[in-house]
Amino acid sequence: EPEVTQTPSHQVTQMGQEVILRCVPISNHLYFYWYRQILGQKVEFLVSFYNNEISEKSEIFDDQFSVERPDGSNFTLKIRSTKLEDSAMYFCASSDYVVQFFGPGTRLTVL
Amino acid sequence: GIQVEQSPPDLILQEGANSTLRCNFSDSVNNLQWFHQNPWGQLINLFYIPSGTKQNGRLSATTVATERYSLLYISSSQTTDSGVYFCAVVRGSTLGRLYFGRGTQLTVWP
Chain F
1 EPEVTQTPSH QVTQMGQEVI LRCVPISNHL YFYWYRQILG QKVEFLVSFY
51 NNEISEKSEI FDDQFSVERP DGSNFTLKIR STKLEDSAMY FCASSDYVVQ
101 FFGPGTRLTV L
Chain U
1 GIQVEQSPPD LILQEGANST LRCNFSDSVN NLQWFHQNPW GQLINLFYIP
51 SGTKQNGRLS ATTVATERYS LLYISSSQTT DSGVYFCAVV RGSTLGRLYF
101 GRGTQLTVWP
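Here the protein sequences come in this chain order: F and U. Heads up, the first sequence is in the working numbering, so the first residue is 1 and it goes up one at a time. Heads up, the second sequence is in the working numbering, so the first residue is 1 and it goes up one at a time.
Keep in mind that the hints were calculated from the coordinates and are not lab data. Here a beta-carbon is modelled for each residue, glycine too, at the ideal position from N, C-alpha and C. Take the hints with a grain of salt, since some may be wrong.
[Stated by the list, open to error] Partner residues aside, some chain F positions facing chain U, computed with beta carbon under 8 Å:
#1 42
#2 43
#3 56
#4 61
#5 97
#6 99
#7 105
[What the hints assert, rightly or not] Partial chain U-side listing against chain F, Cβ under 7 Å, derived:
#8 9
#9 11
#10 46
#11 48
#12 51
#13 91
#14 94
#15 97
#16 98
#17 100
[To be verified] Far from chain F by the CB rule (all over 12 Å, computed), these chain U residues:
#18 66
#19 93
#20 108
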């Protein structure tokens, strides 16, 4: 069964460093999303992406964040200068127009 | 945004027991999904159920869209059912953002 994949599974970084989280959506899906979950809290929407453009973004998705689809298969989330409060599980999702399917997540730890 | 309330927040069961988890939402929705977050943090799709009833093995779900709630039933629970169960909804286009509830933490003891 096709699935969304994410790399790395766990990333540890120093405050102020840039990180890039990578996702490979399900191959025939056209709509992509990033969500995050701070430990013990609910899952929060960051951004949605379609046709090489951001469709919607939340108030969390400020200038420190960017998304890109650098080729036909990858979808990336970049955090330019990480803060302690960026520590969270980051989930990528893709949609078949109806259901959103989530990847296994990348656990980001900012020290 | 839309408010999603889940109850109970915590549920402790003995193996073999049945349970009902509830999700209330504050506005009409075009998509509702139930997820199970396993101990490794992965979000597993259980149901896409904007209305009606669906069953998958020991799990079933019912959404009454006109009354703005959904129920997830787990029968004959097993220790592997432990984890957090999230309800999430989309308002407007089915391609919109998912709004998640805070989840129900289920612990099943042998």
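Results of checking the hints against the structure:
1. Contact between residue 42 (chain F) and chain U, as hinted, is supported at the beta carbon level, the nearest pair being about 5 Å apart and thus within 8 Å.
2. Hint status for residue 43 (chain F) relative to chain U: holds, with the closest Cβ pair at about 4 Å, below 8 Å.
3. The closest approach between the C-beta of residue 56 (chain F) and any C-beta of chain U is roughly 6 Å, which is under the 8 Å cut-off, so the hint is satisfied.
4. With its C-beta approaching chain U no nearer than about 11 Å, residue 61 (chain F) sits outside the 8 Å limit, and its interface hint is violated.
5. Here the hint on residue 97 (chain F) is kept, as its CB sits about 7 Å from the closest CB of chain U, short of 8 Å.
6. Restraint check, residue 99 (chain F) versus chain U: the minimum CB separation of about 5 Å is within 8 Å; hint holds.
7. For residue 105 (chain F), the interface hint holds, since its Cβ comes within 8 Å of a Cβ in chain U; the closest pair sits about 5 Å apart.
8. Because the closest C-beta pair between residue 9 (chain U) and chain F is about 11 Å apart, greater than 7 Å, the hint is violated.
9. Annotation: interface hint on residue 11 (chain U) violated; nearest CB of chain F at approximately 17 Å, more than 7 Å.
10. At its closest, the beta carbon of residue 46 (chain U) sits 11 Å from a beta carbon of chain F; the interface hint therefore is violated under the 7 Å criterion.
11. With 7 Å as the threshold, the beta carbon of residue 48 (chain U) comes within range of chain F, its nearest partner Cβ sitting at about 5 Å, so the hint holds.
12. With its C-beta approaching chain F no nearer than about 13 Å, residue 51 (chain U) sits outside the 7 Å limit, and its interface hint is violated.
13. Because the closest C-beta pair between residue 91 (chain U) and chain F is about 12 Å apart, greater than 7 Å, the hint is violated.
14. Annotation: interface hint on residue 94 (chain U) holds; nearest CB of chain F at approximately 5 Å, less than 7 Å.
15. Checking residue 97 (chain U) against chain F by beta carbon gives a least distance of about 4 Å; that is within 7 Å, so the hint holds.
16. The interface hint given for residue 98 (chain U) is met, as the beta carbon of that residue sits about 6 Å from the closest beta carbon of chain F, less than 7 Å.
17. A hinted interface residue such as residue 100 (chain U) counts as satisfied when its beta carbon comes closer than 7 Å to some beta carbon of chain F; here the least separation is about 4 Å, so the hint holds.
18. Residue 66 (chain U), annotated as away from the interface, keeps every beta carbon of chain F farther than 12 Å; the closest lies near 21 Å.
19. Residue placement check: residue 93 (chain U) does not keep its beta carbon more than 12 Å from all beta carbons of chain F (closest about 9 Å).
20. At roughly 20 Å from the closest C-beta of chain F, the C-beta of residue 108 (chain U) stays outside 12 Å, upholding its exclusion from the interface.
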